[in-house]
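Number of protein chains: 2
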Amino acid sequence: MEPACACGEQRATGRAAGLGLLAIVLCSSLLLNALLLAHHPFLSPSRLLGDGGSSSCGLSWALQAAREAEAVAAVGCSGHGQVFLDGIAGEDGRPGCECNACFGGPDCSLRVPNCTADADSGNPLFLEPYWRRHAAASAVVFSGWHRMSYVTTESFSFQSVELERQIRLLHTAVGNAVVDDKHVIFAAGSIQLINALVHALSPDVNAASPPARVVANAPYYQAYRVQTTMFDGREYRWGGATAQWTNASRNSTTDEGGFIEFVTSPNNPDTMLRKPALGGSTAVIFDHAYYWPHFTHIPSPADEDVMLFTISKPSGHAGSRFGWALIRDEKVAKRALKYVSDSIMGASRDTQLRMLGIVKAMLANLHSKDDIFAFGHDVMRTRWRKLNAVVSRSRRISLQKIPPHQYCTYFKRTREPSPAYAWVKCEREEDEDCQGALLKANIITRTGVFFEAGSRYTRISLLKSDDDFDVLMERLTDLVNAEKYEDAPGSRAM
Amino acid sequence: MEPACACGEQRATGRAAGLGLLAIVLCSSLLLNALLLAHHPFLSPSRLLGDGGSSSCGLSWALQAAREAEAVAAVGCSGHGQVFLDGIAGEDGRPGCECNACFGGPDCSLRVPNCTADADSGNPLFLEPYWRRHAAASAVVFSGWHRMSYVTTESFSFQSVELERQIRLLHTAVGNAVVDDKHVIFAAGSIQLINALVHALSPDVNAASPPARVVANAPYYQAYRVQTTMFDGREYRWGGATAQWTNASRNSTTDEGGFIEFVTSPNNPDTMLRKPALGGSTAVIFDHAYYWPHFTHIPSPADEDVMLFTISKPSGHAGSRFGWALIRDEKVAKRALKYVSDSIMGASRDTQLRMLGIVKAMLANLHSKDDIFAFGHDVMRTRWRKLNAVVSRSRRISLQKIPPHQYCTYFKRTREPSPAYAWVKCEREEDEDCQGALLKANIITRTGVFFEAGSRYTRISLLKSDDDFDVLMERLTDLVNAEKYEDAPGSRAM
Numbered sequence: 153m154e155p156a157c158a159c160g161e162q163r164a165t166g167r168a169a170g171l172g173l174l175a176i177v178l179c180s181s182l183l184l185n186a187l188l189l190a191h192h193p194f195l196s197p198s199r200l201l202g203d204g205g206s207s208s209c210g211l212s213w214a215l216q217a218a219r220e221a222e223a224v225a226a227v228g229c230s231g232h233g234q235v236f237l238d239g240i241a242g243e244d245g246r247p248g249c250e251c252n253a254c255f256g257g258p259d260c261s262l263r264v265p266n267c268t269a270d271a272d273s274g275n276p277l278f279l280e281p282y283w284r285r286h287a288a289a290s291a292v293v294f295s296g297w298h299r300m301s302y303v304t305t306e307s308f309s310f311q312s313v314e315l316e317r318q319i320r321l322l323h324t325a326v327g328n329a330v331v332d333d334k335h336v337i338f339a340a341g342s343i344q345l346i347n348a349l350v351h352a353l354s355p356d357v358n359a360a361s362p363p364a365r366v367v368a369n370a371p372y373y374q375a376y377r378v379q380t381t382m383f384d385g386r387e388y389r390w391g392g393a394t395a396q397w398t399n400a401s402r403n404s405t406t407d408e409g410g411f412i413e414f415v416t417s418p419n420n421p422d423t424m425l426r427k428p429a430l431g432g433s434t435a436v437i438f439d440h441a442y443y444w445p446h447f448t449h450i451p452s453p454a455d456e457d458v459m460l461f462t463i464s465k466p467s468g469h470a471g472s473r474f475g476w477a478l479i480r481d482e483k484v485a486k487r488a489l490k491y492v493s494d495s496i497m498g499a500s501r502d503t504q505l506r507m508l509g510i511v512k513a514m515l516a517n518l519h520s521k522d523d524i525f526a527f528g529h530d531v532m533r534t535r536w537r538k539l540n541a542v543v544s545r546s547r548r549i550s551l552q553k554i555p556p557h558q559y560c561t562y563f564k565r566t567r568e569p570s571p572a573y574a575w576v577k578c579e580r581e582e583d584e585d586c587q588g589a590l591l592k593a594n595i596i597t598r599t600g601v602f603f604e605a606g607s608r609y610t611r612i613s614l615l616k617s618d619d620d621f622d623v624l625m626e627r628l629t630d631l632v633n634a635e636k637y638e639d640a641p642g643s644r645a646m
Numbered sequence: 153m154e155p156a157c158a159c160g161e162q163r164a165t166g167r168a169a170g171l172g173l174l175a176i177v178l179c180s181s182l183l184l185n186a187l188l189l190a191h192h193p194f195l196s197p198s199r200l201l202g203d204g205g206s207s208s209c210g211l212s213w214a215l216q217a218a219r220e221a222e223a224v225a226a227v228g229c230s231g232h233g234q235v236f237l238d239g240i241a242g243e244d245g246r247p248g249c250e251c252n253a254c255f256g257g258p259d260c261s262l263r264v265p266n267c268t269a270d271a272d273s274g275n276p277l278f279l280e281p282y283w284r285r286h287a288a289a290s291a292v293v294f295s296g297w298h299r300m301s302y303v304t305t306e307s308f309s310f311q312s313v314e315l316e317r318q319i320r321l322l323h324t325a326v327g328n329a330v331v332d333d334k335h336v337i338f339a340a341g342s343i344q345l346i347n348a349l350v351h352a353l354s355p356d357v358n359a360a361s362p363p364a365r366v367v368a369n370a371p372y373y374q375a376y377r378v379q380t381t382m383f384d385g386r387e388y389r390w391g392g393a394t395a396q397w398t399n400a401s402r403n404s405t406t407d408e409g410g411f412i413e414f415v416t417s418p419n420n421p422d423t424m425l426r427k428p429a430l431g432g433s434t435a436v437i438f439d440h441a442y443y444w445p446h447f448t449h450i451p452s453p454a455d456e457d458v459m460l461f462t463i464s465k466p467s468g469h470a471g472s473r474f475g476w477a478l479i480r481d482e483k484v485a486k487r488a489l490k491y492v493s494d495s496i497m498g499a500s501r502d503t504q505l506r507m508l509g510i511v512k513a514m515l516a517n518l519h520s521k522d523d524i525f526a527f528g529h530d531v532m533r534t535r536w537r538k539l540n541a542v543v544s545r546s547r548r549i550s551l552q553k554i555p556p557h558q559y560c561t562y563f564k565r566t567r568e569p570s571p572a573y574a575w576v577k578c579e580r581e582e583d584e585d586c587q588g589a590l591l592k593a594n595i596i597t598r599t600g601v602f603f604e605a606g607s608r609y610t611r612i613s614l615l616k617s618d619d620d621f622d623v624l625m626e627r628l629t630d631l632v633n634a635e636k637y638e639d640a641p642g643s644r645a646m
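Residue numbers (our numbering), protein chains in the order written: chain A, 153 to 646; chain B, 153 to 646.
The set of hints was computed from the structure by calculation and includes no laboratory data. The reader is advised that the hints may include incorrect statements.
Copies of the same chain are indistinguishable here, so a pair counts whether it falls within one copy or spans any two.
No farther apart than 25 Å at their CA atoms in a straight line, the calculated lysine to any residue pairs in the SDA-like style are these [said to hold, decoys possible]:
| id | residue 1 | residue 2 |
| --- | --- | --- |
| 1 | LYS483 | ASP384 |
| 2 | LYS490 | ARG386 |
| 3 | LYS490 | THR599 |
| 4 | LYS512 | GLY242 |
| 5 | LYS521 | SER212 |
| 6 | LYS486 | ASP384 |
| 7 | LYS483 | VAL436 |
| 8 | LYS483 | GLN374 |
| 9 | LYS592 | LEU539 |
| 10 | LYS486 | ASP272 |
| 11 | LYS512 | VAL227 |
| 12 | LYS486 | MET497 |
All figures in this text were calculated on a predicted structure; none of them were measured in a lab.
When you get a sec, could you build the whole thing from the sequences and use the hints?
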């Protein structure tokens, strides 16, 4: 580039000394202008010519995608919604705000009046704020050619060796499961492992053995029943609640076929720590989806033969569809692995990469001020406190009883209850349909019928977003406040 | 910031006019420098203080992840391997090169002598170079809080509305399927849809109907048999090859139960376009995984009632585990959707976001010089040419016959063959075990027995990486060259 002026040719004659000095400084300064401009990421000619910023802050192909992600994340949506990269494109071709329930408008600023509270699904959005606070640690960039292969080269399997290692480290650091003598099997959420393990623990297809009975102790998570009856394999059969089998189980080695019992601990819906209901030669699948310190105290590491876990509850990434089983026996592990391989060829490698970053970020902050379990416990404990404060004034509905302080080996102290769900009982004789009674009060819950516990019970999910919980508390407060008027003298006559 | 000089105070008196003018320019220049320096991503105070580059090129939380991804992508591995973000961490804590088959060493520069060629699986790595050339368009950045929810807010489903829209656009632009009157069901690869559709087309669990017979015309893709026998549902049963049923199918409405026929077109392994073998009231599942212009000519858009597709074959992203079904009948679509929902709660939202970028990039380049199908056809046609050139000299092995030029509605011209697989027949009487014969020549293939076509046939995959194909051609050339010596007079006596 030709300099703006030929500084070298300046002659500092006496008369023009000041002028000359000034000119030299000016020239140097102008040169510096030129240099800085030429190399500025936004103002440089290359940028202005639109080369995609190949020289910007050392980034090339990832820059555009990074800018798009940050632009989308920067849209506030009034704190009651958010924009996603894959949201529906509006007229301008860009995704708009997706508002939380009970909020609307292009920027989610409009509150829907008398909105119905949805406390149905166990959607773990209470952890979303945690990841927004740890954005850099949990961000991940995919190249277009990342893990295109069916197999991960280094292991010739469908599982990331590094992710398995990090998951083992997480269990050990949290102290909620013994991993050393277990095989780790990935799947598309722990829900896929329900039938994978029923299959793995059932008699072989070619064996002449009678089908195994798949059972669970009511109230139980309905997915065990739904999946077992849907797949309807010849090697097993849904056997219903354990109650009817408690005696039969003792001679379960008869030609009537054995039992496969699902034990959910903490239990969904009532959040109690559980043990098997059947004894004898029953094969047991322990679903420990909620066995993490933000939902329950951890008395000791779980060490059962067959255990289920999912990322959706510890980290909140339900949409990623990633779960794993810890299995002691090699044969059972191989059958479960074959099931996942033959049915979906392993959990998405995209999800495996993303979860690697998530698990690493969780591990890096354990026992620090950024501990995800401390954050999660604080949120859930506060919600449980608020819920109890309101419901304790009610004679119409009651909640499950949880000991006020229990020692947690993870926090190394006693902790307050912080259950994922409230298991509600309607106390009034006329409220036989508890879910219906709450629905009249504009609160959507999950009926106890789903859990084979009868209609007098219903489940309230406490896992959802802050907005969801706030609306829930409003509707519940209205419901409880309404009681005193109903109970007031004369109100019956009205 | 205090300006370097108070330019406003300059007085342009007659005597100091030039001096003043010069000074003004100098001041402006110095100010510009100050401004540029203050906002320069590398030289700005914030950078020099090492704040992690929060102001770098406008990026904050995504910068670190973007740098890591580009650093990993920049490692060459001698062109015979690559580094992945989730590769096994070495002693320095960083992932190292994962070498292609037959290459080794820390940088994959070491060629393994007399290495066995692995032509077994249909791993679509031939498209990896395409995505490396289109890095910016196919990159995607995930925030830690992307789609944590089970449902996508805007649709209360497990499927991205935007991805479904782009997939419909792709089919229409390519002209390989009619989508307007079809429902689109996502799954964890088309492989999950095998049993999902068998389930959806079988009699209802509660119906007393006899089980449906699941069949396919040999040679057929073994996954249909493997999955149907593994899930072993009471509503269906594996019925084997269609040959034994061609008459029975006519009265398939008897109490013997109906048929569900898998028709793979182009077929895996022999790459022929297929029609159903059974007639009558047979329910047909058309597997169109390979019905894309880089593998076959497209005579017309497919418009069957039930069709399977997967991203792994058109884009090469096998590791992402993403496939979809196009289904005309609403009831069948609902049963298939319920199967995917109840078994895995939908395909990973992480993968759905990544695939959105991939499909958009494919669409943006159709019929341009960067057309992925033109690229893919060119690679596969070249491989088929090379393979034929060698095998045509052989009397020991032969390949399937494909018409040399067929009109393709996508390319709007006739095209040369570019099959995904070579379907090899061993011609010598003694080579009854064709896979074994090739294995002796250090070539791993998939025996025809898997495809219920007998051991005289075996499948060679042409989908793999350039390195894999090169090694395959070396081994095949050795095999064919060896023939003339074997056939030479006296060689038999040796």
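Cross-check of the supplied hints:
no., hint, verdict
1, LYS483 with ASP384, "both (23 Å within a copy, 20 Å between copies)"
2, LYS490 with ARG386, "both (18 Å within a copy, 21 Å between copies)"
3, LYS490 with THR599, "between (36 Å within a copy, 20 Å between copies)"
4, LYS512 with GLY242, "between (36 Å within a copy, 16 Å between copies)"
5, LYS521 with SER212, "between (35 Å within a copy, 22 Å between copies)"
6, LYS486 with ASP384, "both (21 Å within a copy, 18 Å between copies)"
7, LYS483 with VAL436, "within (15 Å within a copy, 36 Å between copies)"
8, LYS483 with GLN374, "between (28 Å within a copy, 24 Å between copies)"
9, LYS592 with LEU539, "within (19 Å within a copy, 72 Å between copies)"
10, LYS486 with ASP272, "between (36 Å within a copy, 22 Å between copies)"
11, LYS512 with VAL227, "between (27 Å within a copy, 23 Å between copies)"
12, LYS486 with MET497, "both (14 Å within a copy, 24 Å between copies)"
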